[in-house]
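**Student:** Below, each chain spelled out in residue letters.
2 protein chains.
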Amino acid sequence: MKVRVFVMLKDGVLDPQGEAVRHALGALGFDGVEGVRQGKVIELDLAEGTTTETVTEMCEKLLANTVIESYRIEGL
Amino acid sequence: MKVRVFVMLKDGVLDPQGEAVRHALGALGFDGVEGVRQGKVIELDLAEGTTTETVTEMCEKLLANTVIESYRIEGL
Chain U
1 MKVRVFVMLK
11 DGVLDPQGEA
21 VRHALGALGF
31 DGVEGVRQGK
41 VIELDLAEGT
51 TTETVTEMCE
61 KLLANTVIES
71 YRIEGL
Chain P
1 MKVRVFVMLK
11 DGVLDPQGEA
21 VRHALGALGF
31 DGVEGVRQGK
41 VIELDLAEGT
51 TTETVTEMCE
61 KLLANTVIES
71 YRIEGL
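Top line first, the protein sequences correspond to chains U and P.
Going by the numbering used here, the first sequence opens with residue 1, and the numbers climb by one from there.
Going by the numbering used here, the second sequence opens with residue 1, and the numbers climb by one from there.
Among the clues, some could well be false.
A pair holds if it fits inside one copy or across any two, identical chains being indistinguishable in the list.
Claimed, not checked - Only pairs whose alpha carbons sit at most 30 Å apart, straight line, appear in this in silico DSS-like list of lysine-lysine:
#1 K61 x K10
#2 K40 x K2
#3 K40 x K10
#4 K40 x K61
Note that these hints are calculated values from the structure, not bench results.
Since this is a predicted model, take the numbers as computed values, not measurements.
Take the sequences, apply the hints, and build the full model.
**Tutor:** So, in structure tokens, the structure goes:
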């Protein structure tokens, strides 16, 4: 089974990567880019029957730094 | 308007970050993790009326390296 985990920096946490992208888009002539946030997607190929609890545990223990990042699980 | 761009390494392109995550999950005792691929999500806050063509151009020119990465646009 395929599960997708999205990890984004929490609101209020500075996102220098996103800022760099916003700048670069402006420099390339794209107007109207008001904000950019960059995060991670992690696609997991798991054994059938893996529970949401297990995936949540993976997120809490490894995939996300919950102090500054939030995560969302999709596909379970 | 909010647009989300997903950038993933193409199939067949080695993904050392994903491999590292797979290893680490195994080391933490999570069994049955058959594969992990890691990619990027870029959330763009764009001016109303921005077209799909413009976002595609952003992807082609900056957001994705189309030699090794594929992208998907969501939310337009």
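**Student:** Next step is simple, just say for each hint if it's right about the structure.
**Tutor:** Quick rundown of the hints versus the structure:
no., hint, verdict
1, K61 x K10, "both (17 Å within a copy, 27 Å between copies)"
2, K40 x K2, "both (16 Å within a copy, 17 Å between copies)"
3, K40 x K10, "both (13 Å within a copy, 16 Å between copies)"
4, K40 x K61, "both (16 Å within a copy, 20 Å between copies)"
Figure legend: structure checked against the earlier numbered hints; every hint is met.
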